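A.B. asks: Take a look at the letters that make up each chain.
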Amino acid sequence: MPPILSVRAVAKTYKNGFTALRAVDLAIEKGEIFALLGPNGAGKTTLISIVCGTVTMTSGQVLVDGHDIARDYRAARSRIGLVPQEIALDIFATVWNTVSFSRGLFGKRPNPAYIESLLRDLSLWDKRNSRVIELSGGMKRRVMIAKALSHEPDILFLDEPTAGVDVGLRRDMWTLVRKLRDKGVTVILTTHYIEEAEEMADRVGVIDDGRLLLVEETTHLMRKLGKRRLTLALQHPMEAIPPELAGWSLELEADGQHLVYSFDANAEDTGIPTLLRRLGEKGIDFKDLDTSRSSLEDIFVSLVERAA
Amino acid sequence: MSGPFLNGAGMWAIYRTEMARMRRTIWQSVATPVITTVLYFIVFGGAIGSRIQHVGGVGYGAFIVPGLIMLTLLTQSISNASIGIYFPKFTKTIFEILSAPLSFTEAVFAYVGAAATKSILLALIILATATFFVPVRILHPGWMVAFLLLTAIAFSLFGFIVGIWAENFEQLAIIPALVVTPLTFLGGAFYSIDMLPQPWQTINLLNPVVYLISGFRWSFYGTGDIGVGTSLAFTAAFMAICVALLWWIFRTGYRLKP
Chain A
1 MPPILSVRAV
11 AKTYKNGFTA
21 LRAVDLAIEK
31 GEIFALLGPN
41 GAGKTTLISI
51 VCGTVTMTSG
61 QVLVDGHDIA
71 RDYRAARSRI
81 GLVPQEIALD
91 IFATVWNTVS
101 FSRGLFGKRP
111 NPAYIESLLR
121 DLSLWDKRNS
131 RVIELSGGMK
141 RRVMIAKALS
151 HEPDILFLDE
161 PTAGVDVGLR
171 RDMWTLVRKL
181 RDKGVTVILT
191 THYIEEAEEM
201 ADRVGVIDDG
211 RLLLVEETTH
221 LMRKLGKRRL
231 TLALQHPMEA
241 IPPELAGWSL
251 ELEADGQHLV
261 YSFDANAEDT
271 GIPTLLRRLG
281 EKGIDFKDLD
291 TSRSSLEDIF
301 VSLVERAA
Chain B
1 MSGPFLNGAG
11 MWAIYRTEMA
21 RMRRTIWQSV
31 ATPVITTVLY
41 FIVFGGAIGS
51 RIQHVGGVGY
61 GAFIVPGLIM
71 LTLLTQSISN
81 ASIGIYFPKF
91 TKTIFEILSA
101 PLSFTEAVFA
111 YVGAAATKSI
121 LLALIILATA
131 TFFVPVRILH
141 PGWMVAFLLL
151 TAIAFSLFGF
161 IVGIWAENFE
171 QLAIIPALVV
181 TPLTFLGGAF
191 YSIDMLPQPW
201 QTINLLNPVV
211 YLISGFRWSF
221 YGTGDIGVGT
231 SLAFTAAFMA
241 ICVALLWWIF
251 RTGYRLKP
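In order, the protein sequence lines correspond to chains A and B.
Counting in our numbering, the first sequence runs from 1 upward without gaps.
Counting in our numbering, the second sequence runs from 1 upward without gaps.
Chain A extracted, bound-state conformation (with noise of 0.2 angstroms):
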């Protein structure tokens, strides 16, 4: 089947002469729930912008649905809705009116049926009738998503769906997002918590710089940025590792008062228990001890070296 979405050496170069993106390549499969991560400034927010039609690139293809974004810009953009990272609402408009204009806005006929259902499932069936500046910031986001969904696109961008959202709103953007998926939406999203990508992507991209460095399914990504160390703080320093625990892979830092111990996190088996019952046979004391994850940063580090 062929993507839905395929981006072909798409470039962009700012006017004030700011590369966001250099040549990126990228194909997303129909249904699938794919999270974009980068720091801030990596061209994801371009990158979709660019999708969307808000931004003009300065080289390259876009291919919605096999629809060039260019040239054949109505039948790409229909298939598409855009939730930007920034809350952007006509204030004085009702909720009801807001989401019905951008219903119509995309070329599609009045479905008030379809606009309550939408309304229902985001909470704001409630507030069909209140104008946008009576909302609360929670809402008004609310809001943002009904609009995008208002013409029922086979695309969702969510740019930076969980910044600055509250608990109760994030899990529910979860639960739509599952449910979108089961409907065969493909969902694209950015962020830069690694956590969200883990809890909800099926394939993740990692932008930096305006380069795409890698594209992986999250639980293949998740095994690599998987491993963890266990930092033990000894009572006494040590000159060597003892023979009797060569099973595991420990080092000694700090001049030896250290014993760090890097094990897979996915794993059944850690093997911390049995380290730590033959430290105790062996009275090796520790005061203290601290586990620590490579975090996302670790990877951009990584790949950015491995790349330059």
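To be clear, the hints were calculated from the coordinates, so they are not data collected in a lab.
Just so it is clear, the structure is predicted and the values come from calculations on it, not from any experiment.
Be a bit skeptical, because a hint or two may be false.
Restricting the straight-line Cα-Cα distance to at most 20 angstroms, the calculated cross-link-like pairs of lysine to any residue (SDA-like) are [said to hold, decoys possible]:
| id | chain 1 | residue 1 | chain 2 | residue 2 |
| --- | --- | --- | --- | --- |
| 1 | B | 89 | A | 112 |
| 2 | A | 127 | A | 112 |
| 3 | A | 108 | B | 89 |
| 4 | B | 92 | B | 256 |
| 5 | A | 30 | A | 219 |
| 6 | B | 92 | A | 135 |
Computed beta-carbon distance windows for the label pairs [said to hold, decoys possible]:
| id | chain 1 | residue 1 | chain 2 | residue 2 | range |
| --- | --- | --- | --- | --- | --- |
| 7 | B | 128 | A | 18 | 52 to 58 angstroms |
| 8 | B | 247 | A | 41 | 31 to 37 angstroms |
| 9 | B | 48 | A | 136 | 52 to 58 angstroms |
| 10 | A | 29 | B | 168 | 52 to 58 angstroms |
| 11 | A | 92 | B | 135 | 37 to 43 angstroms |
| 12 | A | 17 | B | 36 | 36 to 42 angstroms |
Backbone N, C-alpha and C define an ideal beta-carbon position, used for all residues, glycine too.
Given the coordinates of chain A, work out where chain B should sit on it, guided by the hints.
C.D. replies: Quick look at chain B alone, frame taken from chain A:
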């Protein structure tokens, strides 16, 4: 090509929302220009006009009616259309318009159509108000409607350009205040331009508003400062310049798309 060739629903959505904005602000939209016009009638038509007998064979009160209507039509067309497109820019909701399956031409038609509708409605309200003060007759109603339409569309296009150009509210207000109002006052809204001293009379021939007011007045009373053909040609030329500018904005994405 698949998908619709014309996004009528999209245009209608914008047009309806723009008209709804007018209803929402009914007092600013209708009452202010009507009150202002009534004041003009009292001051210029009543207080000053009682000392002026006739201009071009028409009573002074009746003489200023076409000028007053044009004054409202120009300022309202520009402010309606410029706010119409500036407001989504300001609130950043413009992203929705830009990402919609809507052509630039369709967006212009919808916004300019709504702005022109509003200003024509206001012009008609003012015309109706005027009949309470002075006897108004319209010799060439067909031409009057033509001038009304052409002017409303041309200046709504101009207002649309101003709205795209403006980066803040000051810039949005400066064109009507610094350019349009002076040009309208100098353009013979309240007098025949041959009453002006030289060299102002000649300089004024560069003022596009002179042609609009003159042509419009001709459609009422059959007399004008300028020939009706010249007036029409000038209005059409102004419209063509606006369309060309909009074409350039569309090609370059000027101040709309980075």
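A.B. asks: Now look at each hint and say whether the structure bears it out.
C.D. replies: Status of each hint after checking the structure:
Between residue 89/B and residue 112/A, the direct Cα distance comes to roughly 28 angstroms. Violation of the 20 angstroms bound is thereby established for this hinted pair. Proposed proximity of residue 127/A and residue 112/A is supported: the alpha carbons are some 15 angstroms apart, at most 20 angstroms. Annotation: proposed proximity of residue 108/A to residue 89/B is violated, straight-line Cα distance about 24 angstroms (limit 20 angstroms). For the proposed pair residue 92/B and residue 256/B, the alpha carbon gap of about 11 angstroms is at most 20 angstroms, so the pair holds.
Between residue 30/A and residue 219/A the alpha-carbon distance is near 19 angstroms, which keeps this suggested pair within the 20 angstroms criterion. Using a Cα cut-off of 20 angstroms, the hinted pair residue 92/B and residue 135/A holds, with the two alpha carbons roughly 18 angstroms apart. For the hinted restraint 52 to 58 angstroms between residue 128/B and residue 18/A, the CB-CB distance of approximately 56 angstroms keeps it satisfied. One distance hint, 31 to 37 angstroms for the beta-carbon pair residue 247/B and residue 41/A, holds here, with the actual separation near 34 angstroms.
One distance hint, 52 to 58 angstroms for the beta-carbon pair residue 48/B and residue 136/A, holds here, with the actual separation near 56 angstroms. Checked against the given bound of 52 to 58 angstroms, the beta carbons of residue 29/A and residue 168/B, roughly 44 angstroms apart, lie outside it. At roughly 42 angstroms, the beta carbons of residue 92/A and residue 135/B sit within the given window of 37 to 43 angstroms. Hint check: residue 17/A to residue 36/B, Cβ distance near 49 angstroms, so the stated range 36 to 42 angstroms is violated.
Hints 1, 3, 10, 12, counting from the list given before, are not met by this structure.
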